[in-house]
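Take the sequences, apply the hints, and build the full model.
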Amino acid sequence: MAATDVDVFSNEEKRSLSLGGHVGFDSLPDQLVSKSVTQGFCFNILCVGETGIGKSTLMNTLFNTTFENEEASHYQNGVYLRPRTYDLQESNVHLKLTIVDTVGFGDQINKEESYKPIVDYIDTQFENYLQEELKIKRSLFNYHDTRIHICLYFIAPTGHSLKSLDLVTMKKLDSKVNIIPIIAKADTISKSELHKFKIKIMSELVSNGVQIYQFPTDDDAVAEINSSMNAHLPFAVVGSVEEVKVGNKTVRARQYPWGVVQVENESHCDFVKLREMLIRVNMEDLREQTHARHYELYRRCKLEEMGFKDTDPDSQPFSLQETYEAKRKEFLGDLQRKEEEMRQMFVNKVKETEAELKEKERELHDKFEQLKRMHQDEKRKVEEKRKDLEEEINAFNTRKVAAETLSLSQPLKKDKDRKKTTLNHSSASPVQCT
Amino acid sequence: MTTSARYKSRIFKTEDSEDKQYVGFATLPNQVHRKSVKKGFDFTLMVAGESGLGKSTLVNSLFLTDLYKDRKLLNAEERINQTVEITKHTVDIEEKGVKLKLTIVDTPGFGDAVNNNECWKPITDYIDQQFEQYFRDESGLNRKNILDNRVHCCLYFIPPFGHGLRPVDVEFMKALHEKVNIIPLIAKADCLTPNEIKKLKDRVRDEIERFGIKVYQFPECDSDEDEEFKQMDKELKECTPFAVIGSNTVVEARGQRVRGRLYPWGIVEVENQSHCDFVKLRNMLIRSHMHDLKDVTCDVHYENYRAHCIQEMTSKLAQDNRMDSPIPILPLPTPDAETERLIKMKDEELKRMQEMLEKMQQQMHEKDQ
Numbered sequence: 001m002a003a004t005d006v007d008v009f010s011n012e013e014k015r016s017l018s019l020g021g022h023v024g025f026d027s028l029p030d031q032l033v034s035k036s037v038t039q040g041f042c043f044n045i046l047c048v049g050e051t052g053i054g055k056s057t058l059m060n061t062l063f064n065t066t067f068e069n070e071e072a073s074h075y076q077n078g079v080y081l082r083p084r085t086y087d088l089q090e091s092n093v094h095l096k097l098t099i100v101d102t103v104g105f106g107d108q109i110n111k112e113e114s115y116k117p118i119v120d121y122i123d124t125q126f127e128n129y130l131q132e133e134l135k136i137k138r139s140l141f142n143y144h145d146t147r148i149h150i151c152l153y154f155i156a157p158t159g160h161s162l163k164s165l166d167l168v169t170m171k172k173l174d175s176k177v178n179i180i181p182i183i184a185k186a187d188t189i190s191k192s193e194l195h196k197f198k199i200k201i202m203s204e205l206v207s208n209g210v211q212i213y214q215f216p217t218d219d220d221a222v223a224e225i226n227s228s229m230n231a232h233l234p235f236a237v238v239g240s241v242e243e244v245k246v247g248n249k250t251v252r253a254r255q256y257p258w259g260v261v262q263v264e265n266e267s268h269c270d271f272v273k274l275r276e277m278l279i280r281v282n283m284e285d286l287r288e289q290t291h292a293r294h295y296e297l298y299r300r301c302k303l304e305e306m307g308f309k310d311t312d313p314d315s316q317p318f319s320l321q322e323t324y325e326a327k328r329k330e331f332l333g334d335l336q337r338k339e340e341e342m343r344q345m346f347v348n349k350v351k352e353t354e355a356e357l358k359e360k361e362r363e364l365h366d367k368f369e370q371l372k373r374m375h376q377d378e379k380r381k382v383e384e385k386r387k388d389l390e391e392e393i394n395a396f397n398t399r400k401v402a403a404e405t406l407s408l409s410q411p412l413k414k415d416k417d418r419k420k421t422t423l424n425h426s427s428a429s430p431v432q433c434t
Numbered sequence: 001m002t003t004s005a006r007y008k009s010r011i012f013k014t015e016d017s018e019d020k021q022y023v024g025f026a027t028l029p030n031q032v033h034r035k036s037v038k039k040g041f042d043f044t045l046m047v048a049g050e051s052g053l054g055k056s057t058l059v060n061s062l063f064l065t066d067l068y069k070d071r072k073l074l075n076a077e078e079r080i081n082q083t084v085e086i087t088k089h090t091v092d093i094e095e096k097g098v099k100l101k102l103t104i105v106d107t108p109g110f111g112d113a114v115n116n117n118e119c120w121k122p123i124t125d126y127i128d129q130q131f132e133q134y135f136r137d138e139s140g141l142n143r144k145n146i147l148d149n150r151v152h153c154c155l156y157f158i159p160p161f162g163h164g165l166r167p168v169d170v171e172f173m174k175a176l177h178e179k180v181n182i183i184p185l186i187a188k189a190d191c192l193t194p195n196e197i198k199k200l201k202d203r204v205r206d207e208i209e210r211f212g213i214k215v216y217q218f219p220e221c222d223s224d225e226d227e228e229f230k231q232m233d234k235e236l237k238e239c240t241p242f243a244v245i246g247s248n249t250v251v252e253a254r255g256q257r258v259r260g261r262l263y264p265w266g267i268v269e270v271e272n273q274s275h276c277d278f279v280k281l282r283n284m285l286i287r288s289h290m291h292d293l294k295d296v297t298c299d300v301h302y303e304n305y306r307a308h309c310i311q312e313m314t315s316k317l318a319q320d321n322r323m324d325s326p327i328p329i330l331p332l333p334t335p336d337a338e339t340e341r342l343i344k345m346k347d348e349e350l351k352r353m354q355e356m357l358e359k360m361q362q363q364m365h366e367k368d369q
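So the sequence lines, in the order shown, correspond to chains A and B. Each residue of the first sequence is one higher than the one before, starting from 1 at the first, in the UniProt record's numbering. Each residue of the second sequence is one higher than the one before, starting from 1 at the first, in the UniProt record's numbering.
Each hint should be verified, as a subset may be incorrect.
[Unchecked claim] Covered by chain B, per the in silico footprint, the following chain A stretches (three or more residues, Cβ under 8 Å):
hint, region
1, 48 to 57
2, 253 to 259
[Claimed, not checked] Not close to chain B: a few residues of chain A, all C-beta gaps over 10 Å, as computed:
hint, residue
3, E68
4, N69
5, Y75
6, Y80
7, Y86
8, R138
9, T158
10, D218
11, K249
12, E276
13, L278
14, D285
15, Q344
16, F346
17, D377
18, E391
[What the hints assert, rightly or not] Some but not every residue of chain A turned toward chain B, in silico, with C-beta under 7 Å:
hint, residue
19, K111
20, A156
21, G159
22, K185
23, S190
24, E204
25, S267
Just so you know, these hints were derived from the structure itself, not from any lab. Where is the CB? At the ideal position from N, CA and C, for every residue including glycine.
Here you go:
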């Protein structure tokens, strides 16, 4: 009985059944929605563009509020990223919005390293998420997701083509984040120039293999609008928080001596299109793409780097646990081997030193012996000399005694002889008496 | 008011009064005018700035010609490692019998590469080369047909998308401000509202002063000029750096055909003073200060170059007698620091000795008395 039940479950074919009445699981999406609404949403935007190109103004215009920001200076030594998190609420939907600004981008004279801080920041956010995922005790439910969901790349409105820095940076970013290129300060380009400019930019991106974010066309509800918007990329936007009275309405606009550029007028600029696409239609898709495509790519690369594989040499699917165990064993084995090696080395060294010491000791000993022998030789020689000397002294003494006894037995004769001799021998010298 | 009109009116005044004492040299300006018209003028203008700032469009608008008919613009990937080139276009234009040989020196590739270290070097080398060529020609034997290719003025385009000058702008201007007259311009000014233009101009003026960049200064007008001219001059000076817009197209505005740019929200007229400073730039550059620019180039920049060159040559000569130069050099006495010090010391000694002598003489004198 049990065997057949299992068979039925492992059968790949799904059978569709028709329902006899209303069950009610069509409320599942609603449950999901109310759950996400209570949970709150989180969205992270990265704005990349030269200083002064209008990044902060566009953010203010998009979200209809004033995010506090100081004007950046042109004289930064390098590029650094400034993330700021805000809590916004509309109806009963909470949004935790993080805006990351690139300060100093495009200002340096040598811009070869400008893309690095941006790539590093994106990778760091992925890394943090990966670490959280791999934790033993993890709380992904409460985790503040800081991965960048969308990168708005601001292109300067030169009217000719992309700048070399733009091309280099976008190529480095396209595999890590969803990029939407935007033409900033578009009120300086006339309609015909804009058309040519957009075509040139898209052709340059395509010919260099830069993959920008395409609005998804697989969902029927939004396929039509998305595909038409795809044709309008890159969006030419104008941002403004100032209000100008036009006719009998007050709209957000820029006032020039020759006219008024209205931000929300579709024939003036593509701001409305950007807002539609970015916020009203595709925000959730952007988050999904970030998680499903860019984050997975990062994760795969990172884990492969660490040596994990999905299949072992026998093409059997590996589980993470087994891989982990194997890695751990390998690591411990490595450690042990290293320990052995070190111990061996230590022992060898000790032996060497011992041998050296012994050698030295022997040398010393030899020397000592040699010295001793020399010492003894010397001593003997000295002894002999002393003996000789003693003998001489003895001989001298005996002669002395003999001479004295001889002189005592013949004292007068001797004196007279001596006197005579002295008189004879010396004339001037006084007489000496002994 | 054109200059010729001013001079003509003066001549009439003197003729009415004092007929007897009228010598007639008041017609000299007229003669100068005639001769110069016959000879023709030449002017070399350099334009510098990143690509896409409207330099060619502005030049076309200034001189009402199309100098850049078939130029090829590079793609972004070709520009990653681009080096700066120097290209020259020369045109002969004529207006009311006055001939002008206009040379525009363009600098494609400036600031376009990813690494722009020393990207101004080809430009400074070019300017120095022109000076050197003129220097040699001037010191040559046959000086009748000297070709003056020296750059008289450099228009530097500052992008309006930022908050002021960027490091590359500062470095470029500092490298060139002692070689050529620099006139900074704010390009594509139709992306700035009047308030923003004012803020940016103040910012740029402050930064120019802070970094010690010597841009071209308009000469003070003479005290005997009339009020209108003085007023114009003052306005001109307060307006720098000029915020300009250029256009290659003619559009219909307020019933007239003007050079302008057509937008969905309005028409920008290039020659409308309330839209941009193009007219002021044109007046300054062409109608009133062209000759002053040439004079400053000859009298200040070229002379600096020349003095520097000669000093280098003589100091080299002192060290190396075998150097032969095509220019006969007077051995200028350039005493070095060492000999000067010795001379000073000897002088002081002499002075002291003199004083002592005097004292002794005095003493002797007193003794005698």
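Say whether it holds or is violated: R138(A) keeps its Cβ farther than 10 Å from all Cβ of chain B.
holds, 41 Å
Please verify that hint: K111(A), Cβ, nearest Cβ of chain B, below 7 Å or not.
holds, 5 Å
Three residues or more, CB to CB closer than 8 Å: is that satisfied between the region 48 to 57 of chain A and chain B?
That given contact holds, which follows from 5 residues of the region 48 to 57 of chain A lying within Cβ reach (below 8 Å) of chain B.
Once the closest CB in chain B is found, is it more than 10 Å from E391(A)?
holds, 90 Å
Cβ separation check - Y86(A) to all of chain B, threshold 10 Å:
holds, 24 Å
Hint check, K185(A) versus chain B [nearest Cβ-Cβ separation less than 7 Å]
K185(A) check passes; min Cβ-Cβ to chain B is 5 Å, inside 7 Å.
Can we confirm that no CB of chain B comes within 10 Å of the CB of Y75(A)?
Violated, since 6 Å does not exceed 10 Å.
Cβ separation check - E68(A) to all of chain B, threshold 10 Å
Non-interface label on E68(A) holds, nearest chain B Cβ at 17 Å vs cutoff 10 Å.
Would the non-interface assignment of T158(A) survive a Cβ cutoff of 10 Å against chain B?
violated, 2 Å
A cut-off of 10 Å on Cβ-Cβ distance, and D218(A) was said to be off the interface with chain B. Does that hold?
holds, 32 Å
Hinted contact A156(A) with chain B - closest CB pair below 7 Å
This hint holds: A156(A) lies near chain B, its Cβ roughly 6 Å from the closest one there, short of 7 Å.
Double-check G159(A) for me: the hint is only fine if its C-beta lies closer than 7 Å to a C-beta in chain B.
holds, 6 Å
Checked against the numbered hints above, the structure violates hints 5 and 9; every other hint is satisfied.
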